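If you read the sequence shown in the working numbering, its first letter stands for residue 68, the second for the next number, and so on.
Since the hints were made in silico from the structure, they are not lab data. Keep in mind it's a predicted model, so treat the numbers as computed, not measured. Keep in mind that the hints are not guaranteed to be accurate.
As the list claims (entries may be wrong) - Distance condition first, Cα-Cα at most 25 Å in a straight line; then the derived PhoX-like pairs of lysine-lysine:
{"#": "1", "residue 1": "Lys289", "residue 2": "Lys245"}
{"#": "2", "residue 1": "Lys309", "residue 2": "Lys87"}
{"#": "3", "residue 1": "Lys245", "residue 2": "Lys115"}
What the hints assert, rightly or not - Restraint-style ranges between C-beta atoms, simulated for each label pair:
{"#": "4", "residue 1": "Ser81", "residue 2": "Ser222", "range": "32 to 42 Å"}
{"#": "5", "residue 1": "Lys289", "residue 2": "Phe189", "range": "39 to 49 Å"}
{"#": "6", "residue 1": "Val70", "residue 2": "Ala220", "range": "30 to 40 Å"}
{"#": "7", "residue 1": "Thr286", "residue 2": "Lys309", "range": "11 to 21 Å"}
{"#": "8", "residue 1": "Gln137", "residue 2": "Arg302", "range": "41 to 51 Å"}
{"#": "9", "residue 1": "Asp235", "residue 2": "Glu82", "range": "17 to 27 Å"}
{"#": "10", "residue 1": "Thr170", "residue 2": "Ser149", "range": "21 to 31 Å"}
{"#": "11", "residue 1": "Ala220", "residue 2": "Ile325", "range": "11 to 21 Å"}
Where is the CB? At the ideal position from N, CA and C, for every residue including glycine.
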Amino acid sequence: MSVPLEVLIRWRASEVPLGKLPDRLLLIAPHPDDETIGCGLIAYETAKMGGSVWVAIATNGDGSRSRSRQELIAEVRRAETSMATAVLGIESKNVHWLNLPDTNLTAHEDQMVLLVEELVEFCNPDVVLVTASSDPHPDHAALGRAARRAVFATSPALFEYMIWGWYDPRSWLRTLIKRRDASASGADRPFGAVQFRSPGGLECKRRALSCYLSQLGPTAVKVGLPAGTGILSHRFLSHFLKKSEVVFPVNTAARELIESG
């Protein structure tokens with residue numbers, strides 16, 4: 068019987084103590100809810116330990132419904148994000164919206180590079196977290212590529228977090244096979260992952276996820292979340308309801324942070 072990719076990655080991932088969490092964290096997400104799904108525990112623990120957390124969300128998430136309802140959906144999703152980030156302990160003034168078009172970030176990659184550079188200059192973070200450039204979702208991958216271009220050679224430690232690759236590992240692996248990059252980093256090198264464990268943070272992450280009723284599907288109740296009107300199934304959500312979160316170091320600064328005493 069084959070072992071699931073996620074199990075192997077988590078088994079081989081180096082565990083990083085909470086004491087290495089950054090004083091200043093910038094979490095960049097393509098859509099409202101990705102920040103909580105992918106890095107809710109890390110954001111919560113950073114804020115709880117007195118660190119500053121900024122969240123930047125590239126789109127309003129309004130492309131997931133019919134165009135006639137886009138304004139309403141954008142308003143709903145912004146409100147959900149305000150509630151979710153507050154639950155995680157993130158100040159409302161530290162949540163930024165980039166107002167880029169949902170489902171079309173690939174066409175705005177150059178613009179995102181400039182926006183990420185501006186965010187890094189404004190927030191001056193120790194660590195930047197962004198969706199993986201090898202994520203099967205095109206918007207997630209485009210944002211990851213833009214962040215690499217903006218941050219790779221600079222001082223903030225850049226880490227990637229995976230969203231859809233956990234649910235669809237075959238697509239993730241197909242991307243890695245196509246690239247075959249000997250100098251791969253981030254989620255392109257899945258067995259170089261690290262994980263932050265937060266035994267007490269999972270309940271808080273559940274409460275934050277529960278704010279996203281427009282995204283949670285009817286079967287979310289099977290993993291202890293409220294049933295919503297969205298598409299996120301219990302099978303998808305189960306990958307993120309764990310007591311640790313896995314991230315992938317991308318640049319030299321990220322590797323030095325992990326290896327430092």
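Structure-based check of all given hints:
A threshold of 25 Å between alpha carbons decides the hint, and for Lys289 with Lys245 the separation of about 36 Å lies outside it, so the pair is violated. At roughly 20 Å between alpha-carbon atoms, Lys309 and Lys87 fall within 25 Å of each other, so this suggested pair holds. The straight-line distance between the Cα atoms of Lys245 and Lys115 is roughly 41 Å, outside the 25 Å bound, and the hint therefore fails. Judged by the Cβ atoms, the range 32 to 42 Å given for Ser81 and Ser222 is violated: they are separated by roughly 22 Å.
Separation of Lys289 from Phe189 is about 41 Å and conforms to the stated range, judged on CB atoms against 39 to 49 Å. For the pair Val70 and Ala220, the supplied restraint of 30 to 40 Å holds, since their beta-carbon distance comes to about 36 Å. At roughly 18 Å, the beta-carbon separation of Thr286 and Lys309 lies within the given 11 to 21 Å, and the hint holds. Here the CB-CB span from Gln137 to Arg302 is close to 28 Å, at odds with the stated 41 to 51 Å.
Asp235 and Glu82 have their C-beta atoms about 26 Å apart, which keeps the hinted 17 to 27 Å range intact. Taking the beta carbon of each, Thr170 and Ser149 are about 23 Å apart, inside 21 to 31 Å as hinted. Under the hint 11 to 21 Å, the C-beta atoms of Ala220 and Ile325, about 18 Å apart, fit the expected range.
Of the numbered hints stated above, those contradicted by the structure are hints 1, 3, 4, 8, listed in ascending order.
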